[in-house]
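A.B. asks: Next come the chains, spelled out residue by residue.
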Amino acid sequence: MNETVIYSVVLLAALGLVLALILYFVAQKFKVEEDPRIDLVAEALPGANCGACGKAGCRDMAVQIVNDPAYTGCPVCNEENIAKIAEILGRVPEKKEPSIVVLKCKGGKINSEAKVKFEGLQSCSYANSLMTSEGGCPFGCLGFGDCTKACSFDALHINPETGLPEADPEKCTSCGACTQACPRGLLEIRKKREDTGRVYVGCMNKQKGVYSTKVCKVSCIGCGKCAKVCPQNAITLANNLAYVDDNLCIACQKCVEACPTKAMTIMPLDKKLPSAPKPAPAPKEASEAAPAAETTKTEATA
Amino acid sequence: MKTFNIGGVHPNDSKLNADAPMQELPIPKQVCVMVSQHLGAPSQPIVKKGDKVKVGTVLTSNEAFLSAVVHSPVSGTVNKIADIPDASLYPKPAIFIDVEGDEWEESIDRSPEIKREISLSGPEIIQKIKEMGIVGMGGACFPTHVKLMPPKDAKAEFLLLNGVECEPYLTCDYRLMLDHAEEILIGASALMKALDVKQAIVGIEANKPKAIAHMTETAKNFPGISVQALKMKYPQGAEKQLIKALTGRAVPSGKLPINVGCVVDNVATCYAVYQAVQKNMPLIQRMVTVTGPSIPEPTNFLARLGTPVSAFLEAVGGIPGDSGKVISGGPMMGKALSSTETCSVKGMSGILVLPEKQAHRQTVYPCIRCGKCVDACPMGLEPYLIAATAMAKDFEKTEKARVMDCIECGCCQFSCPSFRPLLDSVKLGKATVGKIIRARNAKN
Numbered sequence: 001m002n003e004t005v006i007y008s009v010v011l012l013a014a015l016g017l018v019l020a021l022i023l024y025f026v027a028q029k030f031k032v033e034e035d036p037r038i039d040l041v042a043e044a045l046p047g048a049n050c051g052a053c054g055k056a057g058c059r060d061m062a063v064q065i066v067n068d069p070a071y072t073g074c075p076v077c078n079e080e081n082i083a084k085i086a087e088i089l090g091r092v093p094e095k096k097e098p099s100i101v102v103l104k105c106k107g108g109k110i111n112s113e114a115k116v117k118f119e120g121l122q123s124c125s126y127a128n129s130l131m132t133s134e135g136g137c138p139f140g141c142l143g144f145g146d147c148t149k150a151c152s153f154d155a156l157h158i159n160p161e162t163g164l165p166e167a168d169p170e171k172c173t174s175c176g177a178c179t180q181a182c183p184r185g186l187l188e189i190r191k192k193r194e195d196t197g198r199v200y201v202g203c204m205n206k207q208k209g210v211y212s213t214k215v216c217k218v219s220c221i222g223c224g225k226c227a228k229v230c231p232q233n234a235i236t237l238a239n240n241l242a243y244v245d246d247n248l249c250i251a252c253q254k255c256v257e258a259c260p261t262k263a264m265t266i267m268p269l270d271k272k273l274p275s276a277p278k279p280a281p282a283p284k285e286a287s288e289a290a291p292a293a294e295t296t297k298t299e300a301t302a
Numbered sequence: 001m002k003t004f005n006i007g008g009v010h011p012n013d014s015k016l017n018a019d020a021p022m023q024e025l026p027i028p029k030q031v032c033v034m035v036s037q038h039l040g041a042p043s044q045p046i047v048k049k050g051d052k053v054k055v056g057t058v059l060t061s062n063e064a065f066l067s068a069v070v071h072s073p074v075s076g077t078v079n080k081i082a083d084i085p086d087a088s089l090y091p092k093p094a095i096f097i098d099v100e101g102d103e104w105e106e107s108i109d110r111s112p113e114i115k116r117e118i119s120l121s122g123p124e125i126i127q128k129i130k131e132m133g134i135v136g137m138g139g140a141c142f143p144t145h146v147k148l149m150p151p152k153d154a155k156a157e158f159l160l161l162n163g164v165e166c167e168p169y170l171t172c173d174y175r176l177m178l179d180h181a182e183e184i185l186i187g188a189s190a191l192m193k194a195l196d197v198k199q200a201i202v203g204i205e206a207n208k209p210k211a212i213a214h215m216t217e218t219a220k221n222f223p224g225i226s227v228q229a230l231k232m233k234y235p236q237g238a239e240k241q242l243i244k245a246l247t248g249r250a251v252p253s254g255k256l257p258i259n260v261g262c263v264v265d266n267v268a269t270c271y272a273v274y275q276a277v278q279k280n281m282p283l284i285q286r287m288v289t290v291t292g293p294s295i296p297e298p299t300n301f302l303a304r305l306g307t308p309v310s311a312f313l314e315a316v317g318g319i320p321g322d323s324g325k326v327i328s329g330g331p332m333m334g335k336a337l338s339s340t341e342t343c344s345v346k347g348m349s350g351i352l353v354l355p356e357k358q359a360h361r362q363t364v365y366p367c368i369r370c371g372k373c374v375d376a377c378p379m380g381l382e383p384y385l386i387a388a389t390a391m392a393k394d395f396e397k398t399e400k401a402r403v404m405d406c407i408e409c410g411c412c413q414f415s416c417p418s419f420r421p422l423l424d425s426v427k428l429g430k431a432t433v434g435k436i437i438r439a440r441n442a443k444n
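Note that the protein sequences, when read in sequence, are chains E and D.
For reference, each letter of the first sequence is one residue, going 1 to 302 in the working numbering.
For reference, each letter of the second sequence is one residue, going 1 to 444 in the working numbering.
Think of the hints as simulated: they come from the structure by calculation, not from any bench.
Hints may be right or wrong, so weigh each one.
[Unchecked claim] Restraint ranges, calculated between C-beta atoms of paired labels, are given here: (1) 162(E) to 92(D): 26 to 34 Å; (2) 161(E) to 98(D): 39 to 47 Å; (3) 245(E) to 82(D): 28 to 36 Å; (4) 321(D) to 129(E): 31 to 39 Å; (5) 321(D) to 114(E): 16 to 24 Å; (6) 43(E) to 356(D): 55 to 63 Å; (7) 431(D) to 36(E): 27 to 35 Å.
[Stated by the list, open to error] Dumping the calculated DMTMM-like pairs for lysine to aspartate or glutamate here, alpha-carbon to alpha-carbon at most 20 Å: (8) 214(E) to 341(D); (9) 2(D) to 13(D); (10) 217(E) to 194(E); (11) 325(D) to 119(E); (12) 206(E) to 83(D); (13) 335(D) to 119(E); (14) 393(D) to 375(D).
All C-beta atoms in this analysis are idealised placements derived from N, C-alpha and C, irrespective of residue type, glycine included.
The shape of chain E in the complex, shown without the other chains (with noise of 0.2 Å):
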């Protein structure tokens, strides 16, 4: 009986000392030398997978960013992430201003008025498919929700009041799998500018203002007043819209001030300048006086 134990266990450790000095030199033979760096900055990565830098994954990124000094950077990461990486790897934190995504659409339930129900599969790229959007407008937000299926980062939500995708500021990081998920390609990466709001064109409909205006309270009917006011001339028109472009624009919001229809959007919305700016009260009661008077034609004829 005692012999049966001292045996198994002589012969077990026996075995065990074996193996263990053969997966010793194995190791030893085979060994990767592998720069550590690189698992920190993979650690220091936001690690979400989200593929906006095209690469496999975070730790891929992370090789690409130690072996390369010229390399510019993770798309998401936010300044905290790029001063510990740039600490890790003895660099200069790159200076990167934050951006964040964009709706360019304000149609929505309350803005542009469904006439229809749809009820098949509930995905917008199945009914770009087959119709315009509930409210009408072949160009507007469906309101499905891709765009916040397509979300790593929990950041976009569909508003059940307004129907439309909202971002969280806190949690985009303008990776824009989002703008690749939509089927009307309505969402758009563009500066956060803080601290003086952000001003873009909240339209994408092409339509001759004539037929826009009818499907939606809110659509750019490019007029033009607003590249006319600009002084940076920022604001290009073409098909029927107006665009700001963002590296020219200082948001010093004189186009929201002139925009007829308010397609010309401010946000976060208490960045908004108080109206009443000092040079010609007159004209902005005009301009406000104007788009009331035009909806309620259009709701009259239509």
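For chain E, the structure is supplied; the task is to place chain D on it using the hints.
C.D. replies: Using the frame of chain E, we list chain D on its own:
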């Protein structure tokens, strides 16, 4: 009795009031003619505001091969050319014509007698069909002249006439076969001459015994044309299923009916061909079934193209109070209309008004892997798998599951006990895979 062998479903056929006589719908005060009413390259209007037109005046032009022109269905003045929202609410160009009298182009033969002798040669018939803007009247609106010009290496052996009308509720083809059997068969003879085929078979489902009897009787005077009764099953009116049912031939995946020597045309298309070839009359009117469970008297109307849907509904006494949905076409493949101001087009075979309690989708439950959709699919596909891969955006697998063979008949969704939106997901997958394939072909 013959039918196709794989899948298919048996919806309640609901052919309401089918034996009521056809009625002619009065011409409305204004018609709105969609500029493009066919499958293929879009057309351009060639009239302008203020132009006087007669019935049969050409309104659009199109240089493309896969195209069909549109003729004025009424006489009057062009009021405007503007975009109006179609059934999908997308704005599409349309020509609005204010109706003044009913003056026809002199070239059109309006006499009631039937012209039996086909004097035109084969190529002349095809040219005539093209000039008269004939498209497939079953709903797909495929330009008919394109079907008559098969590629050099293919030869047609059979002309198959589709009198199946497998969609529930619709009765316009049935009515046409009872009222105009001889004209349909003369049209078919013209198509046979153009295609140089010796044999034509008319397929009619067994739920239309009167039409089968009448067509068989009439076909005795037409050598080469026979009538075949078919077992009732949806979607027998689909091209590939009809070929299988009538000839036993199977169209291989990715091939066309002409590859197995068949050309399929609807009976209503044959009637339009008769009018074009023998009477020189362009496609300016069609038979439209206005029906629904709560419509007091469902009727087939002969109406000019461009008549608003509201005019049809007024003719049957307005929309019943409990209505929830108005559909253009049948309940299986038709499209819900967004407005009753939408105007009739060449492919509109019916207007179906569904009561509120039938109009909506039911709550969706999880897939229970019962396999009913696989049994029902007439193309032998696995709809649950295609839907799942498409929703997971794994389009390689969607393509391997042969999504491009889907004919979008809706049997899978109809048979699903969990009311899953299978057809929707499959259509989404089909559209995306189609794009991927086109991109791949463009690269190579």
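A.B. asks: Indicate, hint by hint, whether the structure satisfies it.
C.D. replies: Hint check results:
| no. | hint | verdict |
| --- | --- | --- |
| 1 | 162(E) to 92(D): 26 to 34 Å | 29 Å, holds |
| 2 | 161(E) to 98(D): 39 to 47 Å | 45 Å, holds |
| 3 | 245(E) to 82(D): 28 to 36 Å | 34 Å, holds |
| 4 | 321(D) to 129(E): 31 to 39 Å | 33 Å, holds |
| 5 | 321(D) to 114(E): 16 to 24 Å | 22 Å, holds |
| 6 | 43(E) to 356(D): 55 to 63 Å | 59 Å, holds |
| 7 | 431(D) to 36(E): 27 to 35 Å | 49 Å, violated |
| 8 | 214(E) to 341(D) | 16 Å, holds |
| 9 | 2(D) to 13(D) | 18 Å, holds |
| 10 | 217(E) to 194(E) | 28 Å, violated |
| 11 | 325(D) to 119(E) | 12 Å, holds |
| 12 | 206(E) to 83(D) | 14 Å, holds |
| 13 | 335(D) to 119(E) | 13 Å, holds |
| 14 | 393(D) to 375(D) | 25 Å, violated |
Violation of the numbered hints given earlier is confined to hints 7, 10, 14; the remaining hints are satisfied by the structure.
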